[in-house]
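Protein chains: 2
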Amino acid sequence: MQSAPSIQLLLDELERLPGVGPKSAQRMAYFILNSDKATAMRLAEAIVEVKSTVHFCERCFNYAESELCEICASTKRDRSVIAVVSEPRDIPPIERTGVFHGLYHVLGGALAPMEGIGPDDLRIAELMKRLGTEEVAEVVLATNPNIEGETTAAYLARLIKPLGMTVTRPASGLPVGGDLEFADEVTLGRALEGRRPL
Amino acid sequence: MQSAPSIQLLLDELERLPGVGPKSAQRMAYFILNSDKATAMRLAEAIVEVKSTVHFCERCFNYAESELCEICASTKRDRSVIAVVSEPRDIPPIERTGVFHGLYHVLGGALAPMEGIGPDDLRIAELMKRLGTEEVAEVVLATNPNIEGETTAAYLARLIKPLGMTVTRPASGLPVGGDLEFADEVTLGRALEGRRPL
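Chains as they are written, first to last, in this note's numbering: chain E, 13 to 210; chain X, 13 to 210.
No wet-lab data here; the hints were simulated from the structure.
Please note: incorrect hints may appear among the correct ones.
Listed next, with one range per pair, are the computed distances between beta-carbon atoms [unchecked claim]: (1) H113/E <-> G128/X: 51 to 61 angstroms; (2) E27/E <-> L80/X: 24 to 34 angstroms; (3) E27/E <-> G130/X: 33 to 43 angstroms; (4) P34/X <-> G176/E: 33 to 43 angstroms; (5) E57/E <-> P30/X: 15 to 25 angstroms; (6) E147/X <-> S64/E: 16 to 26 angstroms; (7) S47/X <-> D48/E: 26 to 36 angstroms.
Each residue gets a CB set at the ideal place from its N, CA and C atoms; glycine is no exception.
Just need the whole structure built from these sequences, with the hints factored in.
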């Protein structure tokens, strides 16, 4: 097939995106070719901008543009509750439920002994340090409801309960084996409201 | 929901892409945030590059990086056959069939009287000029097999047949009412081989 080299290059890069196959890459490339230059530049600049300004929040390891992310910096959050999640992408679905008003802690993954991911590969030491210095009454273990997430939650529960704080997990009701990232607001909100002590 | 402003901006721009909803925009944005800077920059640069180097081929109005597109510039093409298509995005699926070896002419749309798109809004004058100056024996009217495409093909057939050249249309076999862009290679290849005079 004879495509201009710069179009082929764009197709290759678009296909790297998650969920984008050859046909959707082609639709996107032709959309970009068809759109006015300003629109295309806004997309390119948004990518450049996000990579140059976004880093990890110093406290919770969510994505942030300042030292602290917008949630840690907010004066409206309940600092006595911390939700522990695997990845930054797990935070927006929880926020959308409107049910949770505490802070977060992003582990940066989940325990997966088969893949060689142990406690030292996650931000567990950083979590324990926070629990030692911040006034935390409850830790919500909001890792994914799959094997790695459950393993991680069980591991953390054993570690945290001796500190005397309440340790909870969102109620089942979440489809088991799935990804928290794709849960709908209502299901996830109900699961958060019905969270139970471990 | 509290997202860093630059992440929200990226989400907004990604959602403009065809077939990208809020959830897939979020998956893509987190992929970009998660990937190393070089990978993200390659995507941004591919977008910038394609907008600065790609314009319309002077002969057929396909996308091109030089005055002529790679197909018009090729010495291996059969210059006696021209396939008329609506958009540049219709060319790659035809090329992938390996069945067509002629040149193209991109109309830049299709007749749609209800939307006020008439013959003067398409590159029909440019096509007629080509047919008057180039040595063309056959014109394949490969517009989409939907109402606008059929209308355009019928209009062009009436215009071109008096010039004495063969006018064909890819055989039906293409799913009617669909878009040529999404046809699979085999169906489209068979339809091209079985093209019939109008």
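How the hints compare with the structure:
Separation of H113/E from G128/X is about 53 angstroms and conforms to the stated range, judged on CB atoms against 51 to 61 angstroms. E27/E and L80/X have their C-beta atoms about 27 angstroms apart, which keeps the hinted 24 to 34 angstroms range intact. Between E27/E and G130/X the CB atoms are about 38 angstroms apart, so this pair conforms to the stated range of 33 to 43 angstroms. The supplied range of 33 to 43 angstroms is met by P34/X and G176/E, whose beta-carbon atoms lie about 40 angstroms from each other.
Taking the beta carbon of each, E57/E and P30/X are about 20 angstroms apart, inside 15 to 25 angstroms as hinted. Distance hint check: the CB atoms of E147/X and S64/E are about 55 angstroms apart, inconsistent with the given range 16 to 26 angstroms. Against the hinted window of 26 to 36 angstroms, the Cβ-Cβ separation of S47/X and D48/E comes to about 28 angstroms, which satisfies the hint.
Checked against the numbered hints given earlier, this structure breaks only hint 6.
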